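Residue numbers (my numbering), protein chains in the order written: chain U, 1 to 335; chain B, 1001 to 1540; chain C, 2001 to 2300.
Bear in mind the hints are in silico, worked out from the structure with no lab data behind them.
Remember, predicted model here, so these are calculated numbers, not experimental data.
Even glycine gets a Cβ: it sits at the ideal position worked out from N, Cα and C.
A hint or two may mislead.
What the hints assert, rightly or not - Covered stretches of chain U (chain C as the covering partner; in silico rule of three or more C-beta atoms under 8 Å from a C-beta of chain C):
hint : segment
1    : 130-139
2    : 179-185
3    : 276-285
4    : 302-311
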Amino acid sequence: MIRFILAKLLYLVPTFLGITIIAFGFVRILPGDPVLLMAGERGVSPERHAELSAQLGYDKSLVLQYFDFLGRLMHGDLGNSLVTKKPVLTEFLALFPATVELGLFAIILATVIGVPVGVLAAIKRGSWFDQISMTTALVGFSMPIFWWGLLLIILFSGILGWTPVSGRISLMFFFPNVTGFMLIDSLLSGQKGAFGSAVSHLILPSVVLATIPLAVIARQTRSAMLEVMGEDYVRTARAKGMPPFRVIGIHALRNAMIPVVTTIGLQIGVLMAGAILTETIFSWPGIGKWMIDSISRRDYPVVQSGLLLIAGLVMLVNLAVDLTYGLINPRIRAT
Amino acid sequence: MKYLSRSMIAVSALALMAVAAEAKTFVYCSEASPEGFDPAPYTAGGTFDASAHPIYNRLTEFKKGTTEVEPGLAESWEVSEDGTEYTFKLRQGVKWHSSDTFTPTRDFNADDVIFSYDRQGNADNPWHQYTPGITYEYYTSMDMPNLIKSVEKIDDYTVKFTLSQPEAPFLANIAMPFASIVSKEYADALDAAGTREDLNNMPIGTGPFKFVAYQKDAVIRYAKNPDYWGTAPIIDDLVFAITPDSAVRLQKLMAGECHLMPYPAPADLEAIKANPDLTLQEQAGLNVGYLAYNTTVAPFDNPKVRKALNMAINKQAIVDAVFQGAAAPAKNPIPPTMWSYNDAIQDDPYDPEAAKKMLEEAGVKDLSMKIWAMPVQRPYMPNARRTAELMQEDLSKVGVTVEIISYEWGEYLQKSMEAGRDGAVILGWTGDNGDPDNFLSVLLSCASAGEGGANRAFWCNEDFSKLLKDAKVTADPADADQALRRRAGHLQGAGALVHHRAFDPVCADVEQGLRLRDEPAWRFHLRDRRSGRVIRAAAY
Amino acid sequence: MTETTAPLSDAAIRRQMLVEFWFYFRQNRGAVIGLIVFSLLVAIAVLAPVIAPHDPTSQYRDAFLVPPVWQEGGSAEFLLGTDAVGRDMLSRLIFGAQYSLFIGIVVVAIALIGGVIIGLVAGFFQGWVDNVIMRVMDVILAFPSLLLALVLVAVLGPGLTNAMIAIAIVYQPHFARLTRAAVMGEMKREYVTAARVAGAGNLRLMFRTILPNCLGPLIVQATLSFSSAVLDSAALGFLGMGAQPPSPEWGTMLAEAREFILRAWWVVTFPGLTILISVLAINLMGDGLRDALDPKLKRS
Chain U
1 MIRFILAKLL YLVPTFLGIT IIAFGFVRIL PGDPVLLMAG ERGVSPERHA
51 ELSAQLGYDK SLVLQYFDFL GRLMHGDLGN SLVTKKPVLT EFLALFPATV
101 ELGLFAIILA TVIGVPVGVL AAIKRGSWFD QISMTTALVG FSMPIFWWGL
151 LLIILFSGIL GWTPVSGRIS LMFFFPNVTG FMLIDSLLSG QKGAFGSAVS
201 HLILPSVVLA TIPLAVIARQ TRSAMLEVMG EDYVRTARAK GMPPFRVIGI
251 HALRNAMIPV VTTIGLQIGV LMAGAILTET IFSWPGIGKW MIDSISRRDY
301 PVVQSGLLLI AGLVMLVNLA VDLTYGLINP RIRAT
Chain B
1001 MKYLSRSMIA VSALALMAVA AEAKTFVYCS EASPEGFDPA PYTAGGTFDA
1051 SAHPIYNRLT EFKKGTTEVE PGLAESWEVS EDGTEYTFKL RQGVKWHSSD
1101 TFTPTRDFNA DDVIFSYDRQ GNADNPWHQY TPGITYEYYT SMDMPNLIKS
1151 VEKIDDYTVK FTLSQPEAPF LANIAMPFAS IVSKEYADAL DAAGTREDLN
1201 NMPIGTGPFK FVAYQKDAVI RYAKNPDYWG TAPIIDDLVF AITPDSAVRL
1251 QKLMAGECHL MPYPAPADLE AIKANPDLTL QEQAGLNVGY LAYNTTVAPF
1301 DNPKVRKALN MAINKQAIVD AVFQGAAAPA KNPIPPTMWS YNDAIQDDPY
1351 DPEAAKKMLE EAGVKDLSMK IWAMPVQRPY MPNARRTAEL MQEDLSKVGV
1401 TVEIISYEWG EYLQKSMEAG RDGAVILGWT GDNGDPDNFL SVLLSCASAG
1451 EGGANRAFWC NEDFSKLLKD AKVTADPADA DQALRRRAGH LQGAGALVHH
1501 RAFDPVCADV EQGLRLRDEP AWRFHLRDRR SGRVIRAAAY
Chain C
2001 MTETTAPLSD AAIRRQMLVE FWFYFRQNRG AVIGLIVFSL LVAIAVLAPV
2051 IAPHDPTSQY RDAFLVPPVW QEGGSAEFLL GTDAVGRDML SRLIFGAQYS
2101 LFIGIVVVAI ALIGGVIIGL VAGFFQGWVD NVIMRVMDVI LAFPSLLLAL
2151 VLVAVLGPGL TNAMIAIAIV YQPHFARLTR AAVMGEMKRE YVTAARVAGA
2201 GNLRLMFRTI LPNCLGPLIV QATLSFSSAV LDSAALGFLG MGAQPPSPEW
2251 GTMLAEAREF ILRAWWVVTF PGLTILISVL AINLMGDGLR DALDPKLKRS
């Protein structure tokens, strides 16, 4: 097992180097000049321009800049934002919990609803429940979520007034930022109603973000269940007169869960992409919106290091999925 | 600076009264995250709203809703005969804020003023680079490094500025956010603690509100400064809910999640006006949107051709479709609210037939041209693409083929300034300090037609430029010379620009929103109606 | 499965396969509906100039933001209303179908061709070639697709062509991986060895012998990518990085319309709805294709 983990980790090294090259290279060939962006409509004199470029290190050759970048990376220095002048890592860490909270809530929502629906649809294959739920799942899977989010805001916040429009918690609550996770912090604060407020703020964005993963998980669970239920040992168990829920609970479900767990793990990348859109629509102070803003502002250090951090994270999550998969299914380890 | 050029229409909700009465918490749905809380290194209006206005003061301040200067941290001042020496008498007994980590031991004094200016202008000041990459663009772009020869302390409450030349708008310039006064004592304390970046993260000022906490991209909290030297604010807690999307801002306002919002989308104005719970205030802005032909390239070097093209474009359609009516066609390069505006100018009428004829007379046939559409929204131009599409359609009716092009914003600004540029550029300008020179010199002088300038029409008329220069060193704003130069400007510049003007900032009618009219002044410092530019506007 | 009674010609086998495929495909009601809707979409796109009541870019200056015909203030001239500069929504949606189909086809074509070639090379040569290629694919896959596409578009400059290239680059590793896996499986089969012994060259082996046998999963992936491409390009358009106005691309229309969300519901609702319907139709079809092409599911 240790060898398996080590081999997997070793694979990560070249991948990570590749990621640094992409993160650095792509960003540095972005057209547009950060110095001019800082100056805006007013313009900047050629002398001042050269001065600022030199100060930012943009007058050196690209290769040199890349090695500078790597060198600083080794020391854990991800650079400072051109816009706020603050360390990128500080900003990332300030925003990251918001995205994680949203993502986790969404994936839990997707799993809690998706798995039972998938199982039920498989058991009652061909029933109206199966048909309706799978059609709905396909609609969800086909949903342009940026549009979906707008519709939900209009309906639930605008017309019905059931959910707050945006933000993470009602501004009437104010408590120290301990973990950065609003749900936990609101509980820790002990203020009445704070937790409920945090949850109500989280609902709409996470529903939007969960839409596609939910559809994928429901569909995947159903087909995994169908496959397992077609296997001989399940049929045998059934033929022996085992009660159906035991057959499903013990044999089918457990085996069907292997591909489902993988599917859930692989939704992380999807979630991150979804987070960009969801956070934009709901003004959610997270990583996705931060990246979009930084790309349009040509905040090179933020885009570079942000890409790096996000890709690194996705990589680690994928590794974790791989390892879990290896644990559940020992056959994999051999290969 | 680019962010400065925005307009603002604020909307407030009546519903908040109850909340405000009990908790005295006021929530402002701001449109952008502050870049930091030290106003000096930044240029964005959203940053100043969160830093300079609630937290800090300046030597001079702008009177509410005007570009007139009134005493701030300086109680009075004297200007020398030749206009190069300004001696300020400072206000006494002004308390600095205190925080968990800092308790001031002394009041505001001359050392703070000197520190605040020296750190920006003097590269050897240890605070010049207190965070890597920090620069003082506003200070630089207002030409302060060349202008200010020295800042001297005469005594604890007297400071003398020596300028290299007379500068009429100097008192207005130092009322701008970048000139906010920060605490020298706080800086020294941070130095000792090795946490210099806290000057930017945990600000200490003299303003009406104390900084409490900032959660990045989400919420800023302030508390009332009980020791405020001016009229104390009547609310206890001020909260900025950062909400970049205007539709979401409006939704929040309607849902009662905030009490005031700036910059509603033009598209929503009608709905806002129809909503009895909302109060919309609008007032003409200090900006202009324009289309700059390249006047150095044929056939656009011919004023007749430019005039013909102007006449082919239906400005009213642009006002209707792009601004949803919240703008007015412009006939001068400066907004009508600005002093020295010449209302006698006749706008080029919209007349495609005549335009067609004029083009023929000028010998221009089958003209095809490019129109540059900026990729960003500005109050003077909320949707340049849409504007360009409208122009494209209009010009096609007089036989001119238009290709719309666009670049990434930084590239757009750069390429549009290149000599020999192909095409007409859509852009605009928002005034910094209410001085017409700030429009005319920047946009239409010969000096700014070169590299690093902002005269994107490359229109250069030596006589006109000289008039501008002469007027600038005159300290008396009523000088006849000034009126003259402006008139000249209109006449001669007319061929170069098409502009329209957004109605814009509107200061928050906070009194009405909170029904706090009877209360003594609650000063919520906001950029005021003069748009974009910075000031405290507020309810008294 | 392979009961050979009499030697059949290639053409006959192919025909037989098609018939079988159609048999399974037809059984899936959703797939048939998807196919019908998709065909309609293609017809609309092709016939756009004929059926659209107006030019999609011409502006009716006296008809800004006219509501749909059934709503008060609507006009029969503009069935689905007009947008902010007085362009007919229906005509723009109709012409938008051209964009979406075009985007789907181009993206899938680039991603498929690129991915298949890369996958074939990796699977066929294996060893270090495979290693290098697959690590590069890993790197691309480590980035969330939309984020990478966004950065790519920012590099290349916003616009339809660049958006398509960016999306294709992001999708292509999926094809490469699939092809590689299939090739590796096929390489061990006897027919490949046989062909090799018979003296088939590398290229011939790759493209004529092995590739046709991996087509099933590739087709399924292609339909999936087609629908994702439509979604992602709309998302890019929505973020202002895709097709540029005035082109009537649905995502771009949505982005332009966003400011009217409270004022004119039709300019926001219809483009989103058309995106949803087209993507749904393609996905329904894709489901049918997968069921019909995947022998494992056929049995169950």
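Please write out, lowest number first, the hints stated earlier that are contradicted by the structure.
Failing hint: just 2.
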